[in-house]
Structure formats: structure tokens, C-alpha cells
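Participant: These protein sequence lines are chains A and B, in that order. Under our numbering, the first residue of the first sequence carries the number 1, and numbering increases by one thereafter. Under our numbering, the first residue of the second sequence carries the number 1001, and numbering increases by one thereafter.
These are calculated hints, taken from the structure and not from any lab test. Glycine is no exception: its CB is placed at the ideal position from the N, C-alpha and C atoms. Be aware that one or more of the hints could be misleading.
As the list claims (entries may be wrong) - Derived pair list, reagent style DSS-like, types lysine-lysine, alpha-carbon separation capped at 27 angstroms:
1) B:Lys-1619 to B:Lys-1720
2) B:Lys-1669 to B:Lys-1614
3) A:Lys-25 to B:Lys-1619
4) A:Lys-87 to B:Lys-1619
5) A:Lys-25 to A:Lys-87
6) B:Lys-1752 to A:Lys-86
7) B:Lys-1556 to B:Lys-1614
8) B:Lys-1609 to B:Lys-1619
9) B:Lys-1713 to B:Lys-1669
Stated by the list, open to error - Away from chain A, derived, C-beta distances all over 12 angstroms, residues of chain B:
10) Ala-1613
11) Ile-1707
12) Arg-1725
13) Asp-1728
14) Asn-1732
15) Leu-1760
16) Ala-1767
17) Val-1770
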Amino acid sequence: MFVNQFLFLAAVLFCIGVYGVIARKNAVLMLMSIELILNSVNINLLTFAMRNGSTDGHTFALYIIAVAAAEVGVGLGLVLLVYRNKKTISVDELSEMRG
Amino acid sequence: MNLLAAETEVLAPLASGWFLENAWLIPVIPAIAFALIILIGKRLPMKGSELGVASMLASLVLSAGAAYQWIQRVNSATEEQFVEPVIKSWSWWRSGGFDFGIGQHIDGLSVVVLFVVAFISTLVQIYSLEYLRGDRRYTHFFAALTLFSGGMLAMVLADNMILFLLGWEIMGLCSFMLIGHWWEEDANSRAALKAFFTVRTGDVGLLVGISMLYFAANDWTQENLGLSGFSIRGISAWALSGEPDSTVIMVAAIALFIASIGKSGQFPLHTWLPDAMAGPTPVSSLLHSSTMVVAGVFLVARLYPVFFVGLDILGSGGNLIMFIGAITIVISAALAFVQNDIKRVLAYSTVSQLGYMMLGLGAGAWLPAVFHIFTHAFFKACLFLGAGSISHSASHHSFDMKRDMGGLRKVMPITFTTWIISTLALCGVFPFSGFFSKDEIIDNVGNNGYNTFMIVGLVGAFMTAAYMTRATYLTFFGEPRGASAGHSSHEPHDAHDTHDRHGDHDAHASHDAHASHGPHESGLLITAPLMILSVLALGSGLLNATPFGESWERMKLWVEPRAVEVVDSTYPGGPGESLFINVPSAEEGSSKSVCGTATPEKGVCYAPKLEHAKFKWSKAMLSMVIVFLGMAVSWILSMLLFTKRDARLVGLTQRVKILGVGHRFLVNKYYLDDLYEKVIVRSVAYPISNAAYWFNQNILDGILHSISNLTRKLSGWVYKNIDQRVVDGTVNNSATFTKSVGTAAQPTQSGKVSQYGALLFSAAAVAALVLVIINT
């Protein structure tokens, strides 16, 4: 079993995700990038699960999918509220956390 | 001991069937119904009662099916063959090396009791539809009643002592709920508490007994039968294996018997039973006929080998079970004479009949005792429901025979007829069912060599006939009095009187409305159960009619476990494992059975060998004469005393001192309640609380004072040296340090999310790098 291709795909997806989170100003796009990161992790888990012939990885991947769904739900809710209050979803406008 | 001995012949497998294999459904159905009634009962058209009745009907059908298939199973066995019970067990939970099972153990005994319980419960529920109509906790009543029956059913078919205990305790809880159904009245809730705690006193014995048996038997049962030490089958075989230490098994049997005393209302823990009359009449009927009180007798019958060996049943001179049973028969029958409350008369009669069952079990008359459970359930349920019918329709919710009843035979013909049939059955008059069971007990007690106890049994029969005649006379004959005469006077009752007064005022008002028509016969929902029960009270004795010859002794054939040595070729395994092949050893016949007398050599025994008395008409005639004598004496005295007001008898207890003392002694129930509440509870509780107070004031306070002084001095020193110098110094310094670090790190807190993200990921990247470097 060649795992390299899978791992490479996961790494690429991960990097795209990280780039998206850091560089994008749009909150929805940031959420999508986070999904990419999570799914790259899923690919890793499944890859190693296949290689080791166990189903533990599958179980974890299912958990992550469920958690990711919940996370998107909460995230979109936040975005919606932010939009109602600020009339924008650009994350640069949200700098109340400055110390 | 090698149980896998060479097989000489292989017998055909015993017949089985769906109802036997799935008998575990019988208690599951009421349990589910209970949950449904609690959850959605109030929203249903009949307030949840239909669920209760339907679940009991389903259980009844399943029990009847199981009984039918059990009979087929017995018929498929040869005469000398041990009829294997249908056992299924699953692992319930495991903890620390203990495996707690759950499962069914269906044999003749459990089939009989299952059928009786399901049957009586169904009728009682139907009766309650009418009897409790309009009650304020109608739904909860049916929920508790259903769970109550479910608990009993679970206990009856339990394959191990843990499940047995579960059913036993469910019944204890439900009896508390049902006896205290009208808890607004203080007397009712006190009666419920008394029932609960008295039974709990005995329950300690059950826990002790179960644990002792487990630790004593587990090794043997695991090795020889592959069963846990909780398994009833395993314990039975172990008890008869000649293996157990005689002291251990004796103490375990005594502990278990204490539980039976509490549950079955045997002397000296019988005091809760009459007070349990505070509950609604259907509850009394169910509690006193087939469930709850029978549980104690059932425990002894179920683990009979343990009691047989532990208490040396059939040994010379009698044993604990016989003594308790005999004492209970006489003292409770005596108490029944001084009661004015019709339900209390019946309650003491139940206690007395349970005494017969115990006496029978103690004397080795296993089958007659079990048969008495069977017949007693029908006629006692009928009597209680009859009493309820009277209070419902004639005496205006009163149970006082002297004040509110009398002359009811004309207005309530159905109740009267069923009552008379059941009374004759209870007294043991010839063609009625009680004769076949009670006389069998008395006969077998004598046959096994306990002549003194046989005389006690006959005295009990005399007293039973007499007090039931007194109650019948007061209720149905003579002149109507009080409420039955149409006086709807609402005089306040004595707080200790039991009477079913419905909580709901609307319902009460409607009863008032139709009570003004005077006493009348009850409706069909009440009389139909009465009629069915009275037919069984008349006829159920024929199932084991010893006078008519061997072929009539069907109960003996179907129910009594055969005392043969069994060499199993398979062990009872998991679900679906039910076909065993028995190979009785070639030279072994049931006539020469070693079970119960010597150590079985090749196989195991599950039941001790018991003798049955030969029926003789001369003995039966003797007890008949005694019963009729009791009836006649009681009838004449009752007529003179209550109707003719004979000057020689009225007020006799006031005039003759010795009789007065005896009467007071009986009215006060031998002062046992006073002994328990005033003497035992006080002597335990008061000195302890006094001692605790003294200990608190003198010792604990002294210690506390000196500790507090010491602490004050110590804390002064600590404040000066440690707190001010060390702690404060540290805190101040760390604050200064933190402040400078914070100032330095402030620029990173830009408030920009992407910058935070970048920091996060770069930190992660650094960490990953470090990991890689370390790992390579």
C-alpha cells in the first residue's frame, strides 16, 4: 500500500486550509478553510487506519465529521450575528480583542 | 466427582415449546406497561387502566401457555426421569469477578405460581376498574398494581437469587405505595411505613442468606455444573450434594427463613399484615392471596433443598419452620375472633393459612403446601373482593361488621353466594378446594411423625371454621345495622379503622347519591371476578384430589420435582440451550432414591425425596367433624350474642375477670406492637441518643475547644512570619514580573484574527519541527 500519495494530498489540503485561515478576510471563507484542515486530518487518519488494518481511524474520522458539522453550525451562527451587528463579515473589522 | 460419567442410555429429549422458552416475557410485559402508564397513562381514554389490564391479560395468556407446555413436557418424560426445568440465563452485569445473571427457571413450581399470580392480578385489575373509579390517583394506582404483579412474576421465574431479590424488593416498594395509596390520612401512611420497615427487617436475612450461599456454594457449582453460586439450580444441587458444611447451611437457611417470616407475616413479624388493610381493598386482595405474602412461602419452597438440609426437615422433633408455622396458625386465628373489621378478620386468616403452608413445608409436605398456595389464592382473593363489594355497595365504605353490616344476604345474593363458597373452601369442607390442600398438609404432618403439630393443625382448623362463621354471621345474617340499614350517618371513624374512602370528593358525592337507595348488589365488573374466583374456590381442589385415587393427583405429577439422581450430559448454557439429556443411573430407581438422605454418587439431586401420606377417609372425617363442630359452636354463640343479646353472654368479658384479661390481650394483639414500638425502638433509640448527646457535649466539645485554642496561637505566628514575609513577598514580586512581561507582549494582541491564526499555526509548526527532531 502506497500511503505517500494520501499523505501528500492531506498535507496539501492542510496547507491550503492554513493559508485560507490566515490570508482570507471573509469569515465564511475562513470557516471553509477550517473544514479543509479538518478533512485533511481525516484523510491522514483513514490512511493510517488502512495501513494498520484497524478500524480505530474510521471511528475517529466519523467523530470528526460530526464535530465539524457542529462547529460549522456554531460558526455560521456567529457570522450571522456579526453581520447583523456590524453589517460586514470581514474579520479585519473585528478588532475589539486588541490588548 | 465426575458428572460426565459413562452414559448407559440416551433418553428422548423432553418436549419444549415457545411458551416455555419465552416465559421470561411474562414479567417483562407488566414492567413495560408500568412505564407506559406512568408516561402516557393520564392522556389515555381510560386513564391508563386499560394498559394495566391488557398487560396482565397478556401475562395470563403466556402463563397459561407455559403451564400447558410444561404439562406436555412432563408427559413426554418417563416416570423415573427428572423433568429438567427450562432454564435460560444471560449475563446481567459483571463486577470484580462476580457474574450476575438474569434469566428464567421454569419448573412445575414456578409455572403454578406464575399462573396463579397472573390470573388473580388480571381479575383484581378488572375489579379495580369499577372499585376505584373516580379516585384521585387512579392512574398511579394502576401503575403500581401492574409493577407489583410484575415484581412477583419476576421473582417467581428468577433463575438466580439476584433476580429473585430484585423481584422481592420491587414488591416491597410497591406494597408500600399501594398500602399508602390514600396517604392523606395519617393512619394509612403509618401502616405503609410499618409494612415497609417490618418487611425490611426480614429482608436483611435474605441478603445475608444469599451472600452466604454464594460464597459457600460458588466453587462447587462452578466446578460441577458450570453455574454461578447465585443460581437456584446450582444451590439446590449443592445443598443435596453432601458437600456443604452443616453449620454454614444451617445459618444460611435460618437467615433466609427470617426473610420469609417478614414477607409472609409469620410470628413474630406478622404485625404489619393486618395494618396493611389500610390500602384499597383490591390491593389487600392481591397482596394477601397470590403476591407478596406468598413470596416468603415461595422462597422456602424454591430453595427447599437448602432448608431441607440446613434445618434438618424430616428429622425428629421438629424444626424452626414448623414451630413458627404452628405458632402462627394458632395465635393469628385467636386474633381473628376479636376483630370487628371484616378485612382484619381476613388478614389474620391469611396469616393463619400462611402458617399452614409453613408448617407443611417444615414437615416435609412440600406438595400440599404448594397446592395450598394455589387453592388459597383463589378463595382468599374471592373473600377479600367480596368484602370490598360489601363496602362499595352496601356499607358505605365501612368495614366494621358490628356497626355497619348485617342481614346482607338478601340484598347481595351474588356476593353472599361467592362468600359462602369461599368460606367453606377456607374452612376445608369436603368438596371445596381448601379441603384437598389443607387436609393434605395436616395429614402429611401427622404421617411424617409430628403428631403434636398435627393436633395444632386440627385446632387451627377448628378456630378457622369458628371465626369465619362469626364473620359470616355478622356480615350476612341477623338484622341490618348502621350503613347497611340505610342510615347514611357520617359518624367519624376511629383513626385506626380501615375503610376505603375515596379521595375524590366528586366521586364521594356520587356514591352518597346512590348510597341513599340503600345497600344493593355491586356491578358486573365487581361480581364477575367474584363469580370466577368462587368457581375456582369450589373446583381447583380437584387438580390434586387425593381421595379419588392416584390418577387424580395431577398436581403431584406436574409440579413436584422428582427426587432422582441426575447425570447431565450437557450443562445449561446460554440462550436457546434447553434440551438436556438425563441419564438416570441404571440401578437407581425413585423408590431407592438417595436424594436428601445420602450423598449422591454419580450425579446430582435437585429435590429431596419426600413421602406422601396415604389418604384415609377416617382421618378426613375426623377433621370434617372438627370443622363442623367449630362452625356449629360459633354459630350458636354468635346468634345468642349478636341477635338474641343473651344476658349470659353479653358483657361476659366485663364480668369475668380472667376472660376480660384474655380479651384485652387479644385486642391489643399480644402487645407485640407495643413491644416493638415502645420497648425495642425506644430502648435502642433513646439510650443511643442520650449517649450521643453526652459524648457530643463532653468529649467532642472539649476536643474542639482545645483544638481551637491551639489553632488561634498557631495562626498568629503563621500570620506574622509566613503570611506577611514569605507569601506576600512572593505575590508582590510575581505581580511585578507579570506586569513587565505583559507590557512586553502587548504588541502581539493586535485584535486581528488572522494574525492570531498565523501565530497559532507557526507555533504548531515549530512544535512539529521539535517533535520531528526529537524523534529522529
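Participant: Confirm or reject each hint.
Facilitator: Each hint, compared with the structure:
no.	hint	verdict
1	B:Lys-1619 to B:Lys-1720	violated (98 angstroms)
2	B:Lys-1669 to B:Lys-1614	violated (39 angstroms)
3	A:Lys-25 to B:Lys-1619	violated (106 angstroms)
4	A:Lys-87 to B:Lys-1619	violated (104 angstroms)
5	A:Lys-25 to A:Lys-87	holds (14 angstroms)
6	B:Lys-1752 to A:Lys-86	holds (16 angstroms)
7	B:Lys-1556 to B:Lys-1614	holds (13 angstroms)
8	B:Lys-1609 to B:Lys-1619	holds (24 angstroms)
9	B:Lys-1713 to B:Lys-1669	violated (64 angstroms)
10	Ala-1613	holds (68 angstroms)
11	Ile-1707	holds (49 angstroms)
12	Arg-1725	holds (34 angstroms)
13	Asp-1728	holds (28 angstroms)
14	Asn-1732	holds (23 angstroms)
15	Leu-1760	violated (9 angstroms)
16	Ala-1767	holds (14 angstroms)
17	Val-1770	holds (18 angstroms)
The structure is inconsistent with the numbered hints 1, 2, 3, 4, 9 and 15, although it conforms to all the rest.
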